[in-house]
Amino acid sequence: MDRRGVRIVDTFAEAFGMRAARVVITARSAAWARTAAQSMTGFATSVIGCKVEAGIEAELLPNETPDGRPGVSVLLFGFDADGLRGRLVDRVGQTVLTCPTTACFDGLPQAADRVVVGGALRHFGDRFQSSKFLDGQRYWRIPVMEGEFLVQEAFGVQKAIGGGNFLILAADQDAALAAAEAAVDVMRKVRGVILPFPGGIVRAGSKVGAKRYKKMIASTNDAYCPTLRGRTGVTSELPEGVNSVLEIVVDGLDRPAIESALRAGIDAACRPGVVQISAGNYGGKLGKHHFPLHALFA
Amino acid sequence: MNIRGVFIEDTFAEAFGMAAARIVITAVNQRWAHAAAVALTGFATSVIACKCEAAIERELGPDETPDARPGVAVLVFAMDAAGLGKRLVERIGQAVLTCPTTSCFDGLPDLPDRVSAGRTLRVFGDKFQSSKVVGGHRFWRVPVMDGEFLLQESFGVQTKGVGGGNFLILADDQAGALGAAEAAVAAIGGIPGVILPFPGGVARSGSKVGARAYTSLVASTNDAYCPTLRLSTDSALAEGVNAVLEIVIDGLDAEAIRKAMRAGIEAACRPGVRAITACNYGGNLGTFHFHLRQIMEDVS
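Quick mapping for you: the protein sequence lines, in order, are chains C and P. Start counting the first sequence at 1; every next residue gets the next number (the working numbering). Start counting the second sequence at 1; every next residue gets the next number (the working numbering).
Hints may be right or wrong, so weigh each one.
Heads up, simulated DSS-like pairs for lysine-lysine below, C-alpha to C-alpha not over 27 Å straight-line [unchecked claim]:
#1 Lys-288/C / Lys-215/C
#2 Lys-288/C / Lys-132/C
#3 Lys-160/P / Lys-211/C
#4 Lys-51/P / Lys-51/C
#5 Lys-215/C / Lys-259/P
#6 Lys-215/C / Lys-208/P
#7 Lys-208/P / Lys-214/C
#8 Lys-259/P / Lys-207/C
#9 Lys-127/P / Lys-207/C
#10 Lys-132/C / Lys-208/P
#11 Lys-215/C / Lys-160/P
#12 Lys-214/C / Lys-259/P
#13 Lys-208/P / Lys-160/P
#14 Lys-51/C / Lys-160/P
#15 Lys-208/P / Lys-211/C
#16 Lys-160/P / Lys-259/P
#17 Lys-160/P / Lys-214/C
#18 Lys-86/P / Lys-51/C
#19 Lys-132/P / Lys-207/C
Covered, in the sense of this in silico footprint (three residues per stretch, anywhere, with C-beta under 8 Å from a C-beta of chain P), are these stretches of chain C [stated by the list, open to error]:
#20 33-43
#21 134-140
I should point out that these hints are in silico values taken from the structure, not numbers from a laboratory. C-beta: ideal position from N, C-alpha, C; glycine also.
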């Protein structure tokens, strides 16, 4: 399959079942909501190294938030509900409770599974906190130095998918980066997904385990490293003329959201200087969610 | 003491000894150096819950970096050198190794105490990595998909780092406190050797050690400085003070913190602000005491 002269390889992205929460942060201004969200979503690129994957989903207008103020929605992904609860308490406590003028709401109110976040953080109030019950949801008012921190007692947790991906194989680093930037720009407009890596892009693709270090759980994906083409022990997957590869990783609340993001991102990445679009998988045995690239454009 | 009508309380900020590293991230352009730095410094507001405190120190021009590309300097603070080494491995591995076009250099090359973060991260290369010694320092070239990740083997540790320099802005209302805090953050920006680890440089959740109501809590809200609790507790807030914000400063040494406090307090003394004070624990917990009136001596 070709798209504007770029070959789409007949392969699939292999992704994993995860659990996700959506945190809605509001503030006096969009800038302060974004500041809290940026702090909350840092050091959250891979669940193995950071215990959570997180990113900004969207900026929200005052008419889209519970308190009528500007906001940001953040998605966080963990292996299970209990782990996610721990990360929410850590991160809301360190980066939203602390941040001037913010309030913090559950963005998945319909989810049946719920984890207690505000109900744990309320203790910071040293029993000076108080609560309100509105429309079936409890909210905590925790006194802080500039007023009160309003935080919802419980946050919804739903089944989700982590590790949707595609690879951009390009003639050089400039072309790979320009294509990846174009992909990120359009994928960030899709609701229900985040791109957890710095700036939305990852260049350190990995393989499971290592050939030469027994204890490593992951090491560089030598088959996709252009500097290793022709090295002994490397079976390169890179066609002639490919000298730089970047990957976009997508975590999403459901399959249609990831498919929309992949479709938009791949389409935007098919531009001059790009040779192929491929995807990362482990032969289909590790992750139960498969995204065949050709099916996205059928 | 008064500065432009703002009362400077006769008190001191109490701060602690920490270990610090400076990481210089460079990239093809400022956007990507910044993307890596933002990912590296997220969730790093307090060492107790995040295991480190980190933030961007400043942006660097191509003439200031080892590889002549645009860069960002980041400072990372931890309780000791061993902890700092672990945080560097985790955060460089997750946020810089992964980020397109970046390289990663030690920003404190002259310091004798060193942690070898690059030596740990090199194994990601699965023995395809190689190294060079240039100017007495070893650098690793780790193959990745966009080319190579260049990473310094060891990072200098400033054992005389100081964490928890601070001052409090006591204002008429939330808008007044926020405007003054934003002015203070802007004034401190660019001072070498300091970072403000809280979101946007400002903290609103000042805490006291322990809690009265919950015995197992290590810290809880500083009720004496909460305006909504004025009548419920032994308040430290004068009549008319309805919002308080704190600026927390970590620095490579005490002198850098003094400079930052002075610049920040001076900028915060503006209409709508009643007083500037500071947080301490009676002087028994932290080695470093920063007396506000000494720091502001020739300003008032």
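Check: Among the hints numbered above, which are violated by the structure, and what are their numbers in rising order?
Finding: Of the numbered hints given earlier, those the structure breaks are 2, 3, 5, 6, 7, 8, 11, 12, 14, 15, 17 and 21, listed in rising order.
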